[in-house]
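Number of protein chains: 2
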Amino acid sequence: MSNIPKIVILGAGYGGILTALKLQKQLNYNEADVTLVNKHDYHYITTHLHMPAAGTDNPENARVNISKLIDEFKIDFVKSTVVQIRTQDKKVILEDGTLSYDYLVIGMGGEPETFGIPGLAEHAMSIRSINSVRLIREHIEYQFARYKREPHRTDYLTFIVGGAGFTGIEFVGELADRIPQLCREFDVDRSLVKLYNIEAAPSALPGFDPELVEYGMDVLTKKGVIFRIGTAIKECSPDGVIVGDGEEIRSKTVIWTGGIRGNRLIEEAGFETMRGRVKVDEFLRAPGHENIYIIGDNSLMFNEEGRPYPPTAQIAMQQGVASAHNLVAAIRNQPLKTFAFSNKGTVASLGKGEGIGVAMGKKYQGRKAAWLKKLIDLRYLFIIGGIPLVLRKGKFL
Amino acid sequence: MSNIPKIVILGAGYGGILTALKLQKQLNYNEADVTLVNKHDYHYITTHLHMPAAGTDNPENARVNISKLIDEFKIDFVKSTVVQIRTQDKKVILEDGTLSYDYLVIGMGGEPETFGIPGLAEHAMSIRSINSVRLIREHIEYQFARYKREPHRTDYLTFIVGGAGFTGIEFVGELADRIPQLCREFDVDRSLVKLYNIEAAPSALPGFDPELVEYGMDVLTKKGVIFRIGTAIKECSPDGVIVGDGEEIRSKTVIWTGGIRGNRLIEEAGFETMRGRVKVDEFLRAPGHENIYIIGDNSLMFNEEGRPYPPTAQIAMQQGVASAHNLVAAIRNQPLKTFAFSNKGTVASLGKGEGIGVAMGKKYQGRKAAWLKKLIDLRYLFIIGGIPLVLRKGKFL
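The listed protein sequences derive, respectively, from chains A and B. Just so you know, full-length UniProt numbering puts 157 at position 157 of the first sequence, and the rest follows in order with no gaps. Just so you know, full-length UniProt numbering puts 219 at position 219 of the second sequence, and the rest follows in order with no gaps.
Read the hints as simulated data drawn from the structure, not as lab findings. Check the hints yourself; a few may be wrong.
[Unchecked claim] Going by beta-carbon spacing under 8 Å, a handful of chain A positions derived as facing chain B: (1) Arg134; (2) Leu135; (3) Glu138; (4) His139; (5) Tyr142; (6) Ala145; (7) Arg149; (8) His152; (9) Thr154.
[Stated by the list, open to error] Restricting the straight-line Cα-Cα distance to at most 20 Å, the calculated cross-link-like pairs of lysine-lysine (PhoX-like) are: (10) Lys374(A) - Lys344(A); (11) Lys148(A) - Lys39(B); (12) Lys25(A) - Lys68(A); (13) Lys352(B) - Lys337(B); (14) Lys22(B) - Lys337(B); (15) Lys68(A) - Lys39(A); (16) Lys223(B) - Lys337(B); (17) Lys368(A) - Lys223(A); (18) Lys79(B) - Lys148(A); (19) Lys234(A) - Lys222(A); (20) Lys39(A) - Lys223(B); (21) Lys148(B) - Lys79(A).
[What the hints assert, rightly or not] Covered stretches of chain B, as calculated for chain A (at least 3 residues, CB under 8 Å): (22) 131-140; (23) 146-156.
Glycine residues also receive a C-beta, built at the ideal position from the N, C-alpha and C atoms.
Given only the sequences and the hints, what does the whole structure look like? Please build it.
Here is the structure:
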C-alpha cells in the first residue's frame, strides 16, 4: 500500500473535469493518486444541451469521451454511479465498488428544483444530460407523428417550457427554429403548434439587463414563442399544466428549466445544506471537513450583495481550477488561496444567428451576441481539450 | 350542365393511380369527366413503406405528389376523405362535399385484419401510410430514449412484429439492420434489444417456395430476429402480447402486419362482402352494379385453385389498367375485356443487400434478389412517372 494521498473527484462536469485537468498538470509524479468517478464515460457540455434537446444539433456534438481529455497514466477513471458518501470513514460507496480517499472533491451535478409544484417531478422533463435531451428530442418528434394519426389531438402540438432563465430562453429559441422544420417533415400546419414559455418571476431572465431582456423577448415572440411571464405553474399532470389564474394549458410535453438544487446525496451524507447546497468556506471546503471540496451545483457561495451565485458553467470551472490549486497546496503544506468568482459576463443564444449578452461590461445583441456565444463554446473546448478538440467538435457549433 | 359521362375514382393507391393514368391517356377530349379523390395530395409506394417505418429510409422517398403524376388539364383532383358511397343516388359523400358519378372506381385501401384478437386494433401499429410509418419510426426511437432514462425497463427494447407475410418479413429485415445503428446512437447494448417475429401459420411466408423461406429465415435469424412461427398472438395490451402457449412477451411496440381486410365503407355502402371485400365479376365490376369497378384491396378474386388472390401492388396495378380499359370501352359501347391476373412473381427484401424471390418462374436469393427488388421498384416509378420520377426518387432506393 502506498502512503501517498488519495484524491477522489466525484463527477466529470465543468467543475470536476477542470479539477482533474489541473491536478494532472500540477501534481508531480507520485505526489498523489487521483481518481475521477463519473456516471458516464463521457463529459458533456451542458451549455450546449439546449440544441440537441430541440433537435437542432446532434447530441454527439455536446459530449466528449473522458479518455480523450484525461491522461490515464496520471489519473484513474472509474465509470460508476455514486451511491453514498461516508465522511466518517473517508469512503465513497459506488454502485459497484468502494473508494477510499484522503481528499474528496464533490463535483456531481444537482437536481431539478421543482419548488414542490405538484406533478412537476413526475411529468416534466429536464435538460440535464445527454440521455435526457435525447428523450426530449424524441418525445417532441413523437408528438408530431402521433398528431398525424389523431388529428383531433392538437394538444400533442403544444409545447410548454417552464422557466425563462438562461436554459429556458436558449431552449425555446432553438425549439422555435426547429418547429417549422418539424412541420415540414410531418406535414403539419405551423399555426397549430403552440410553444409556451412560462415564468413565475415578473420578468424573463430575472436580474439580467432589462434592455437586452426586452430585445430577446421580442426576437423570440417574432419566432412564435408565447410568453406567460409573472405566471406560476400551479400543477403539472400528464395532460398539461394549470397556471396561476387557473387556466389549463393542455399538452403532452412539459420541459422544466426552472431551477437547480443540490444533489440529494449531499444531504444524505450529513452536510448542512440550503436547497441541497453546502455553503463552502473561502477555500471551497465543506464546513468542518478540511479534506472535502465542494464545487459546482452543490456549492453555495454569496456575492457582495449577499445573494447566492447561480450555478453556472463559468463559476464551476473557476471553482475546479481553484480546488485543484488548493489540493496541491494542501498536499505540499502550503497556504491555500481564497476563491473569488470573477464574472466574465453571460451570453445567451436565441436560436440561429440571434443572441443577447453582457461580456467584459459591454452589451451585445443579435448576430454579434450569437457569435460571442460560439466563441465562448470554442474557448471552453480549447481549455479542456486543446486545439484537437476544437477542430473535432468546434466545427459543429 | 354537360352530358358527358362522369367517372369518379376513389383512392390514389396502386389501382386508382393506374386507372387515372390510363384514362388520361386513352380518353379523347370531352369523352368523359374524370375526378380522382384521395385523402392526401400524394400517392405512396406501399411496397417501400417498410423502410421508412424502420427508419432506414426517408419517408419522402416513399411518396410522390399526385400533381406530379396526373395532368390536371385532363383529370380533376380532389383532396378529401370519403365518408359514404351512395350507390342508389350515384353519389359519393366526402368530408367536405359531394360528388355525383356515372361510373365509379373504388380503389381505396383496406384496413388491418386483426382476426378479432383482443387489443390488437387498439394497441398495435400498422405499416399502411406515410403517417403510420412516421409514427412507427418515431415510436421506436422514442423507446430507446426512454430506456436510457429508465434502465430497468428492458421491455422498452423489445419489438414485436406480428405476421411473417411479405410486409412482416421485409419490415423485420429493415429493423434488424436499423437496431445496431440505434444502439450506437443511444449507447444501448445490442444484446438487450429483442426483435420478435410472430406468425400463427406453420411457416413464414405461407405458400412461398419453402427453400427460399428457409434461406430468408436463416438470413434474418443471423441478423438477430427471434422467430416464433406456428405461434398465435392471443392478446395484445399496452404492456405487450400473450402468445399461444400462454407466454407473455413484454413490449411497448407491437407492429401488426398479419393481414388486410376490405374498407368498412364498402360494407356500409351495402355491397355483399367477404372480410370486407367484394367478389367482382370478370370485368372487375361489383355484382349488380354495371357502373362500379372495384380494384385493389377491396376486390376479391379467386385463382384457378379456388383460393383468393392476396391483395398486392401487382394485382392492383393490373386491375387499374383493366378497369380503365373497360371504362373506355363502356363509354364507347364497345365490348368489355375479361380480367386475368398475370403473376410476374414476387420478390421480398431482407434488409440491406439481401432478398428472396421468384420472378418469371426462376428463384433468386441474396444480393441478386435484393437487386431485383430494386429493379421492380424502379420499374414502378417509370410506369407512373416516367424517367423524371425514376431520376428524382429512384436514386434513393
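How the hints compare with the structure:
{"no.": "1", "hint": "Arg134", "in the structure": "5 Å, holds"}
{"no.": "2", "hint": "Leu135", "in the structure": "4 Å, holds"}
{"no.": "3", "hint": "Glu138", "in the structure": "4 Å, holds"}
{"no.": "4", "hint": "His139", "in the structure": "6 Å, holds"}
{"no.": "5", "hint": "Tyr142", "in the structure": "4 Å, holds"}
{"no.": "6", "hint": "Ala145", "in the structure": "4 Å, holds"}
{"no.": "7", "hint": "Arg149", "in the structure": "5 Å, holds"}
{"no.": "8", "hint": "His152", "in the structure": "13 Å, violated"}
{"no.": "9", "hint": "Thr154", "in the structure": "16 Å, violated"}
{"no.": "10", "hint": "Lys374(A) - Lys344(A)", "in the structure": "15 Å, holds"}
{"no.": "11", "hint": "Lys148(A) - Lys39(B)", "in the structure": "13 Å, holds"}
{"no.": "12", "hint": "Lys25(A) - Lys68(A)", "in the structure": "15 Å, holds"}
{"no.": "13", "hint": "Lys352(B) - Lys337(B)", "in the structure": "41 Å, violated"}
{"no.": "14", "hint": "Lys22(B) - Lys337(B)", "in the structure": "15 Å, holds"}
{"no.": "15", "hint": "Lys68(A) - Lys39(A)", "in the structure": "16 Å, holds"}
{"no.": "16", "hint": "Lys223(B) - Lys337(B)", "in the structure": "47 Å, violated"}
{"no.": "17", "hint": "Lys368(A) - Lys223(A)", "in the structure": "19 Å, holds"}
{"no.": "18", "hint": "Lys79(B) - Lys148(A)", "in the structure": "16 Å, holds"}
{"no.": "19", "hint": "Lys234(A) - Lys222(A)", "in the structure": "27 Å, violated"}
{"no.": "20", "hint": "Lys39(A) - Lys223(B)", "in the structure": "31 Å, violated"}
{"no.": "21", "hint": "Lys148(B) - Lys79(A)", "in the structure": "16 Å, holds"}
{"no.": "22", "hint": "131-140", "in the structure": "holds (count 7)"}
{"no.": "23", "hint": "146-156", "in the structure": "holds (count 3)"}
Of the numbered hints listed earlier, those contradicted by the structure are 8, 9, 13, 16, 19 and 20.
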